[in-house]
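Below are the chains, spelled out letter by letter.
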Amino acid sequence: SQTIHQWPATLVQPVGSPLSLECTVEGTSNPNLYWYRQAAGRGLQLLFYSVGIGQISSEVPQNLSASRPQDRQFILSSKKLLLSDSGFYLCAWTGGADTQYFGPGTRLTVL
Amino acid sequence: EDQVTQSPEALRLQEGESSSLNCSYTVSGLRGLFWYRQDPGKGPEFLFTLYSAGEEKEKERLKATLTKKESFLHITAPKPEDSATYLCAVPAYSGGGADGLTFGKGTHLIIQP
Chain A
1 SQTIHQWPAT LVQPVGSPLS LECTVEGTSN PNLYWYRQAA GRGLQLLFYS VGIGQISSEV
61 PQNLSASRPQ DRQFILSSKK LLLSDSGFYL CAWTGGADTQ YFGPGTRLTV L
Chain B
1 EDQVTQSPEA LRLQEGESSS LNCSYTVSGL RGLFWYRQDP GKGPEFLFTL YSAGEEKEKE
61 RLKATLTKKE SFLHITAPKP EDSATYLCAV PAYSGGGADG LTFGKGTHLI IQP
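Residue numbers (this note's numbering), protein chains in the order written: chain A, 1 to 111; chain B, 1 to 113.
It is worth saying that the hints were derived from the structure and are not from the lab.
All the pointers check out, no bait thrown in.
Below, a list of computed lysine to aspartate or glutamate pairs in the DMTMM-like style, where the Cα atoms sit at most 25 Å apart:
1) LYS42(B) <-> GLU22(A)
2) LYS59(B) <-> GLU81(B)
3) LYS59(B) <-> GLU9(B)
4) LYS79(B) <-> GLU56(B)
5) LYS63(B) <-> GLU45(B)
6) LYS105(B) <-> GLU45(B)
7) LYS42(B) <-> ASP85(A)
8) LYS63(B) <-> GLU15(B)
9) LYS105(B) <-> GLU59(A)
10) LYS68(B) <-> GLU55(B)
11) LYS42(B) <-> GLU26(A)
12) LYS68(B) <-> ASP98(A)
13) LYS57(B) <-> GLU9(B)
14) LYS42(B) <-> GLU9(B)
15) LYS105(B) <-> GLU9(B)
16) LYS69(B) <-> GLU9(B)
17) LYS59(B) <-> ASP98(A)
18) LYS79(B) <-> GLU60(B)
19) LYS80(A) <-> GLU59(A)
20) LYS57(B) <-> GLU15(B)
21) LYS57(B) <-> GLU81(B)
22) LYS42(B) <-> GLU59(A)
23) LYS105(B) <-> ASP85(A)
24) LYS42(B) <-> ASP98(A)
25) LYS69(B) <-> GLU55(B)
26) LYS105(B) <-> GLU55(B)
27) LYS57(B) <-> ASP82(B)
28) LYS57(B) <-> GLU17(B)
29) LYS69(B) <-> ASP98(A)
30) LYS63(B) <-> ASP98(A)
31) LYS57(B) <-> ASP98(A)
32) LYS42(B) <-> GLU58(B)
33) LYS105(B) <-> GLU81(B)
34) LYS59(B) <-> GLU15(B)
35) LYS79(B) <-> GLU17(B)
36) LYS79(B) <-> GLU58(B)
37) LYS105(B) <-> ASP98(A)
38) LYS79(A) <-> GLU59(A)
Make the full structure from the sequences, and use the hints.
Next comes the structure, spelled out in C-alpha cells:
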C-alpha cells in the first residue's frame with residue numbers, strides 16, 4: 001500500500017531564516033506530487049505541483065520554491081522566511097487517477 | 001475562476017441528530033467533486049469522489065450526493081467520533097498535466113454526546 005511521509009511535523013523558525021520541508025511517497029512510482037498551504041481561516045491553497053523529476057509548476061507567486069530531486073521526493077524551500085509563510089503545509093500525491101491523498105502535514109510558525 | 005463555497009461554516013449537533021452539509025461550486029465542466037475529512041492538526045482524509053449529477057456514495061453514516069450545482073454530505077445518526085472539519089474540492093485545471101484541487105473553507109462539525 002502507498003504511504004506518504006512529511007517531516008518535520010512541527011517547525012518554529014525566525015523571520016529571515018531558510019526553510020526545507022520534505023515529502024516522500026512509498027509504494028508507488030511516478031506519482032504526481034503537490035504542495036498545499038492551509039492558513040488560519042483560509043482553505044487549502046495549491047502552491048506547487050510536479051508531474052516528474054525536475055518538473056515543477058507554481059500556482060501562485062510567493063517566497064517559496066519547490067524541487068523534485070527523486071521520483072518520490074518533493075521538497076519545499078525558502079531562502080528567507082516571512083511572517084506570512086506561517087501555516088500548515090501539506091503534501092499530496094496521485095497515481096494517475098483523480099484522487100489526491102494527503103500526508104500528515106508540517107506546522108510552520110515563523111516568529 | 002473556479003469557486004467552491006461550503007455551508008454552514010460550523011455546525012453543532014446532538015449525537016443521533018442527522019443533518020446535511022452543503023458544497024456549491026462554479027466550474028466550467030466538472031471533472032469530479034471530492035469530499036475529505038480533516039481532524040485537528042492532521043492532513044485531510046479522502047472520503048468520496050463524485051463525477052456526475054445524480055451520483056451517490058455512502059460510507060458508514062455518511063452519504064454524498066451531487067447535482068449540477070452543488071453537493072451534499074448527509075450525516076445520519078452521527079456519533080461524537082464524526083466530529084471533524086469536512087472539506088469539498090474540485091479539480092482546478094492547470095494545463096500542465098496535473099490538476100490541483102480548489103478547496104472550500106470547510107464545515108466544522110461538532111457532535112455532542
